[in-house]
Amino acid sequence: MDILDLARLQFTVTTGLHWLFVIFSLGLAPLVAVLHTLAVRSRDPETRARRLRMTRFWGQLYVINYAVGLVTGLVMEFQLGLSWSGFTKFAGNVIGAPLALEALVAFFAESTFLGLWIFGWGRLRPGLHAALIWLVTLTAYASAYWILVVNAFMQMPAGLEVRDGVARLADAGALLGSPNAILALIHVSSAALLAGGLFMAGVSAYRLRRATTEPAGFRFSLRLGTAVAAVAVIPTAVVGNLQFPLMIDKQPMKVLLFTHVPTGELQARLAARYGPGDYVPPYWAELGEETMLYLGYVLGLFSLCALLLVFRDLLVRHRAVAVVAVLAAGNSMGEFAGGLVFGAPGPHRLEVYLACNVLAAALLLYRPRSERALAAALVAAAPLPFVAALAGWVMREVGRQPWLVYGHLKVEDGLSPVTWGTMLASTVTFIGVLAVLAVADWILILRFARREPAEAHLGAVAAEPRHEPERDKLTLETL
Amino acid sequence: MNLADLWLALLGFLLAGYFVLGGADYGVQMLAGNGRARLLGGLGPFYFGNEVWLVGALAVLIGAFPRLEGSLLPGFAPLFVPLVAALALGKAGVQLRGRAAGGAGRRFWTVCVVAGGVIPAAAFGMIFGLLLTGLPLRADGGFDLGWAMVAGPFVLACGLALTAVFAAHGLMFARLRVPGRAPARPGPVLAVAAVAVAGAALLGVGTARPTQPGAAVALAAAMVAVLGAAWWAARRGRAGWAFAATGVAAALPVVLLGAATHPYVLLGAGGTGMTVAEGAADEASLAVLSAFGLVVLPLVLAVQAWTWWRFRRPAEGPAYL
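If you read the protein sequences in the order shown, they are chains W and B.
Heads up: the first sequence begins at 1 in this note's numbering, then just goes up one per residue.
Heads up: the second sequence begins at 1 in this note's numbering, then just goes up one per residue.
These aren't lab readings, by the way, just hints derived from the structure by calculation.
Note that the coordinates shown come from a computational prediction; the quantities given were computed from them, not determined experimentally.
Honestly, I wouldn't trust all of these hints.
As the list claims (entries may be wrong) - Just so you have them, the derived chain B footprint on chain W, three or more residues with Cβ under 8 Å:
{"#": "1", "stretch": "116-126"}
{"#": "2", "stretch": "426-438"}
As the list claims (entries may be wrong) - Computed beta-carbon distance windows for the label pairs:
{"#": "3", "chain 1": "W", "residue 1": "A216", "chain 2": "B", "residue 2": "A9", "range": "53 to 59 Å"}
{"#": "4", "chain 1": "W", "residue 1": "E46", "chain 2": "B", "residue 2": "A101", "range": "26 to 32 Å"}
{"#": "5", "chain 1": "W", "residue 1": "W442", "chain 2": "B", "residue 2": "A148", "range": "21 to 27 Å"}
{"#": "6", "chain 1": "W", "residue 1": "L424", "chain 2": "B", "residue 2": "H262", "range": "36 to 42 Å"}
{"#": "7", "chain 1": "B", "residue 1": "G33", "chain 2": "W", "residue 2": "R447", "range": "23 to 29 Å"}
{"#": "8", "chain 1": "W", "residue 1": "L128", "chain 2": "B", "residue 2": "D144", "range": "49 to 55 Å"}
{"#": "9", "chain 1": "B", "residue 1": "T275", "chain 2": "W", "residue 2": "Y406", "range": "32 to 38 Å"}
Quick reminder that beta carbons are idealized off the backbone N, C-alpha and C, glycines included.
Please model the entire structure based on the sequences and the hints provided.
In structure tokens form, the structure reads like this:
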């Protein structure tokens with residue numbers, strides 16, 4: 001392995017791990033915020049206490065995930081300078097500002113708010129406390145926007161002019177409003193909500209199959225998670241597709257690869273324009289694309305079926321609502337089923353749609369034999385959105401090869417001037433440390449997912465008095 | 001004062017802020033071995049806000065000084081790699097140690113916590129020592145660190161001095177936040193810190209070639225003086241003043257580095273180096289950065305200040321960390 005391979009391996013593994021933590025964070029934070037808000041707004045003390053316990057349960061999983069998600073982000077930020085200073089030297093003028101704002105606006109604020117939320121149990125006014133988790137959510141999504149501005153710049157550079165071999169910011173609006181960034185943000189946000197929803201539904205289904213002290217709490221979580229997943233899967237697919245026209249325009253090589261059109265002619269044209277070199281991305285970019293698409297179709301079908309089954313009791317009592325639900329779910333399912341069967345939702349659309357509507361109606365009319373099967377399927381589906389997200393990321397970033405900044409800077413020219421030994425040491429160290437932390441973290445998440453909500457460490461000090469009785473007596477009288 | 005100078009001042013402010021806040025964390029982490037892990041309970045909600053001062057400083061480095069960053073990070077890779085790895089382990093360890101179920105898990109995370117305090121502190125000290133010594137800059141602004149440079153007596157002394165200063169600062173923080181659990185006698189740690197700083201300064205007079213040696217010596221003397229003041233305050237039971245004094249001692253290295261190498265941001269071997277303008281981004285990029293950053297930063301600071309005020313009382317009872 002040469003320096004370039006090592007640097008790429010290091011970036012792939014650390015970014016891939018970071019990406020999984022990000023998806024979990026973006027997906028679960030809004031759900032925790034919804035639960036917390038419902039809890040503080042409920043008047044019945046028993047409901048309120050139950051909802052607070054559920055908030056602590058899901059919040060605990062979120063916080064454990066955040067602990068390692070944060071440090072993977074820290075490593076990424078250093079790595080950019082350690083391994084890829086050619087990139088920051090070329091593009092620093094343009095991407096430096098969004099990167100800095102990602103850290104200042106989002107990272108900075110998000111961590112501060114999360115610290116307050118973790119330590120605010122029993123110490124802050126309930127409304128303010130619930131507002132904090134919304135601020136955590138908001139800053140997490142702001143963070144995603146800024147980092148996607150940088151990524152969109154690498155994919156489809158806009159708003160720059162190159163003078164003396166260095167990119168300079170020419171049009172801040174074009175950089176910040178890049179359609180690639182906006183579409184990717186919507187696609188990634190909805191995919192994260194799909195992942196968060198299915199994770200919540202999967203864990204709840206698992207807990208409901210076993211004895212739990214919180215059946216009502218987990219039933220509510222199951223419904224919330226399933227509903228969010230079924231709603232989120234639709235923009236995930238729609239906005240995912242909206243990215244293809246942009247790609248045809250700006251990254252035709254990616255499209256040729258994904259549609260199995262011979263790339264020879266375009267390769268010759270690119271070589272004539274940018275100099276000799278291989279401009280065809282590795283074949284596994286396409287592997288990522290196929291994996292993501294098929295998992296997307298499966299998850300789309302599954303989430304919508306699960307929605308009908310989980311809400312079956314409610315729907316059968318209101319005939320009009322049930323008809324609307326069957327039509328909405330059935331027709332959306334048609335799109336996913338077409339993709340699953342024919343590779344793209346095109347041929348035999350009428351027949352596929354009809355079959356899906358019949359299937360949707362049948363799910364409501366005939367009670368499926370086994371609730372156990374539904375629970376098992378929900379548990380099995382929970383990791384799939386994460387696999388799909390990784391595959392989608394492989395498609396997007398491997399498909400960008402050999403470019404670091406499309407059409408401007410090749411990956412090999414972004415490398416830092418470091419020795420092979422230094423790069424090997426940093427690669428082994430970072431991959432080793434992050435892999436150990438990630439596995440330890442996932443074990444902890446699974447372990448806490450099997451605990452009862454009342455046993456969560458988060459908010460366990462809530463028994464302390466909410467307001468200090470003696471306001472003016474400083475305990476730090478020494479200051 | 002142009003935009004580049006303003007952002008350099010901001011970079012210094014963020015880094016100094018990080019040394020004061022993150023330095024206390026490192027110190028508490030160093031002390032948390034040997035069955036004293038309950039000290040971590042005092043880190044409170046602040047812990048989450050502290051590390052991001054480093055991220056903020058790094059972000060300003062990338063955003064406002066991409067060329068300086070392009071030289072600094074690859075050049076210091078042999079020190080930054082262990083620093084960042086230990087930082088990651090420590091940061092995760094502090095949050096996850098309490099979640100571990102068994103003794104083995106707790107021991108693993110405790111090792112992470114302590115290593116995550118000692119290694120970053122020592123590495124930052126050594127980086128500061130090398131920056132004061134002057135680096136063999138190439139024409140493209142990069143440089144290669146030889147082992148002889150990294151293992152030089154002055155550089156090692158700087159690593160030791162910063163570690164000791166952070167340990168003293170963490171001790172004062174623990175005495176303030178968890179008075180019942182902190183070690184009772186602050187004298188030995190403060191004495192080691194003062195001697196280490198004085199020793200590094202003496203070695204530096206022989207080895208380092210800063211552009212402003214007078215300022216460097218004066219500020220090193222000021223560090224020893226505030227450490228003495230911390231000891232004096234701690235003896236009189238003024239835990240708050242003692243913490244403030246070690247906080248000044250933790251921030252002074254950043255001031256010292258900036259003052260001693262003025263007007264350069266990266267000191268070369270022959271008494272010259274990379275100036276502020278050479279390291280900074282274009283005016284247009286700085287303007288975009290300023291438009292957002294200088295509005296947002298005060299807001300973030302206000303939230304953090306509110307956090308400190310709201311949780312100013314000593315932490316009692318079981319804590320999340």
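Status of each hint after checking the structure:
| no. | hint | result |
| --- | --- | --- |
| 1 | 116-126 | holds (count 6) |
| 2 | 426-438 | holds (count 6) |
| 3 | A216/W <-> A9/B: 53 to 59 Å | holds (56 Å) |
| 4 | E46/W <-> A101/B: 26 to 32 Å | holds (31 Å) |
| 5 | W442/W <-> A148/B: 21 to 27 Å | violated (43 Å) |
| 6 | L424/W <-> H262/B: 36 to 42 Å | holds (37 Å) |
| 7 | G33/B <-> R447/W: 23 to 29 Å | holds (25 Å) |
| 8 | L128/W <-> D144/B: 49 to 55 Å | holds (53 Å) |
| 9 | T275/B <-> Y406/W: 32 to 38 Å | holds (33 Å) |
Going down the numbered hints, you'll see the structure goes against just number 5.
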